[in-house]
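Chain by chain, the residues run as shown.
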Amino acid sequence: MSWPEFGIVVFRVLATFVLLMVVTLLNVWAERKIVADMQSRLGPTRAGPWGILQTLADGLKLFFKESVIPRKVELGMYLLAPFLAVIPAFLIFMMVPWGKPFMIGDYEVALQGADLNVGLLFILAMSSMAVYAVVLAGWSSGSKYPLLGGVRATAQAISYEAAMGLAMVAVVVFTATQGDGGTLSMAEIVERQTGTWGDISPVLSFVPRWNLFPQIAAFIIFMIAIVAETNRAPFDLVEAEQEIVGGFHTEYSGMRFAMFFLAEYINIFSMSAIAATLFLGGWSGPTFESFLPGFISGLLPIFYFLAKTYAIVFLFFWLRATLPRLRYDQLMTLGWKRLIPAALAWIVVSTVVIGFRQFGAPWS
Amino acid sequence: MGVVKEFLKGLRVTGGTMLRTISGEELVTTEYPKEMRPKPQRFHGRHVLNRYPDGMEKCIGCELCAGACPADCIYVRGMDNDPENPTSPGERFGFVYEINMLRCIFCALCVEACPTEAITMTHLFEMSTTSRQDAIYTRETLLMDEKGEVPHMFPDDELADMDELLTADGWVRATAPSGVAAYEGVQMWQGTPGPANWEPEPTQAERDVRTQAKEEGDG
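Protein sequence lines, in the order shown, are assigned to chains A and B. Once you know that position 217 of the first sequence is 217 in our numbering, the rest is easy, because the numbers rise by one and skip nothing. Once you know that position 49 of the second sequence is 1049 in our numbering, the rest is easy, because the numbers rise by one and skip nothing.
For the record, the hints were derived by calculation from the structure and aren't laboratory data. Fair warning: there could be bad hints in the mix.
Stated by the list, open to error - In silico DSS-like links for lysine-lysine, alpha-carbon gap of 30 Å or less:
{"#": "1", "chain 1": "A", "residue 1": "Lys144", "chain 2": "A", "residue 2": "Lys65"}
{"#": "2", "chain 1": "A", "residue 1": "Lys61", "chain 2": "A", "residue 2": "Lys144"}
{"#": "3", "chain 1": "A", "residue 1": "Lys72", "chain 2": "A", "residue 2": "Lys61"}
{"#": "4", "chain 1": "B", "residue 1": "Lys1147", "chain 2": "B", "residue 2": "Lys1039"}
{"#": "5", "chain 1": "A", "residue 1": "Lys61", "chain 2": "B", "residue 2": "Lys1034"}
{"#": "6", "chain 1": "B", "residue 1": "Lys1039", "chain 2": "B", "residue 2": "Lys1214"}
{"#": "7", "chain 1": "A", "residue 1": "Lys144", "chain 2": "A", "residue 2": "Lys72"}
{"#": "8", "chain 1": "A", "residue 1": "Lys337", "chain 2": "B", "residue 2": "Lys1147"}
{"#": "9", "chain 1": "B", "residue 1": "Lys1034", "chain 2": "A", "residue 2": "Lys337"}
Only a predicted model underlies this, so the values are computations on that prediction, with no experimental measurement involved.
So here's chain A without its partners, still in its complex pose:
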């Protein structure tokens, strides 16, 4: 690897990391503001203009607080769990392409942490790793409420990750028909969603070529599953304050708690980004290169990516302000009796339709 290539890799990782940190800080603030608006309140107003620095202030405060270690914890696991929460959260976002690749001289700079050819699988693997953090934190705390939270996390993650993975399968099968063979690379999946559906029928030439339209059922299943996967309301049984205090993070304080908190908000953003990438075409969109100056049409894809992602992030906040928490059996019913059968049925329907379109009817 030559020096410029090495520099580009460092730039990609650092830029992705900085982007993620900045949007996460803003997301915590944005959630507080938006939920406050939905409850006729003001939200944070003191730190900086409109309270925009509130997260920074909270983070600094947590940083300087004592991290209490209770006497009965399993020390190794207890100390490891926060890192197990944060590291997969960062790694997941590294897979997401957040802007159009551009050229510097002979080198291509992709705005993406790393373009693995098994990107989607890696995301699934890392989101499963994140569950270990919750389970281990709950178990190693040596206290009853975190344990209950950890047990809930296990069941919830298994049931909803299945639905999430199955929804992804439908998308991957569909994407395979959109280009040259199947792919799991996130960059490639975005690439195949550029343009419009104009080739199907001229009427559709203004409809972007997003997977959302042919895969609408998979999109709905995926959305429900990622809300559960990130332990957000109405599926936040893992950290239900009213029932089990703070759930898995009850015994954590100071910076260790802040890491769980950070991981939760990173996961919201990266899961929304993945939904935007899989279904809403990621950074793709009209760049008007013919009449806009170069740097604006270069920045537009980043804007499209952020706009699509934030539409979904907003949905997360909206759900949190609207829906009450599900009961445990309702959670299980929804997961196993509704979402997984629906996802399986959708895979069958989708693949049969794709098969007919590709190869024609078997009796013809």
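Following the hints, position chain B against chain A.
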């Protein structure tokens, strides 16, 4: 599909509230030190000792306020007036007058007990101090000067609103139109510098019309 319908209904409620809050329609919070809400006319705030227009003190040192005080926070000592140069029109005047604001419950029974309307309350309530000693208001702080201006413990404080300190709580009005019919429209309790010369309260008949209009407006 009933679930979906209810789900969308819920989203509509929160989304609508958000839009109404952003437009300021449903926002009930006032950011207190930045914007002050107008206080009710009969708000019970800090006490003030009044003077007559000729500069004489109204307090005659009778200690009735101290007797009436349920929280036992007023301490008064009377002293005979100097016949040549009297401080108050009566026989005596209050030469020691202390109110412990930490004990005071702002019930205004002292105001009701006062036979000369010497002690009244104002609209100022921002009185926090950093020491217990500062919370004991003495005669120097309570008594208005001859121009009718009331001293403030911390005049440089950003919350020291002198206008509020000069707005009397108007307990006397409570005894006016709705109390005794004969006093309707009569301007009560005049001749005090500072918080004085109020307009009479509207009569019962006027107020009935106003209430009716307001109810119709609401309906």
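Hints versus structure:
| no. | hint | verdict |
| --- | --- | --- |
| 1 | Lys144(A) / Lys65(A) | 24 Å, holds |
| 2 | Lys61(A) / Lys144(A) | 28 Å, holds |
| 3 | Lys72(A) / Lys61(A) | 26 Å, holds |
| 4 | Lys1147(B) / Lys1039(B) | 25 Å, holds |
| 5 | Lys61(A) / Lys1034(B) | 26 Å, holds |
| 6 | Lys1039(B) / Lys1214(B) | 20 Å, holds |
| 7 | Lys144(A) / Lys72(A) | 11 Å, holds |
| 8 | Lys337(A) / Lys1147(B) | 82 Å, violated |
| 9 | Lys1034(B) / Lys337(A) | 54 Å, violated |
Hints 8, 9, counting from the list given before, are not met by this structure.
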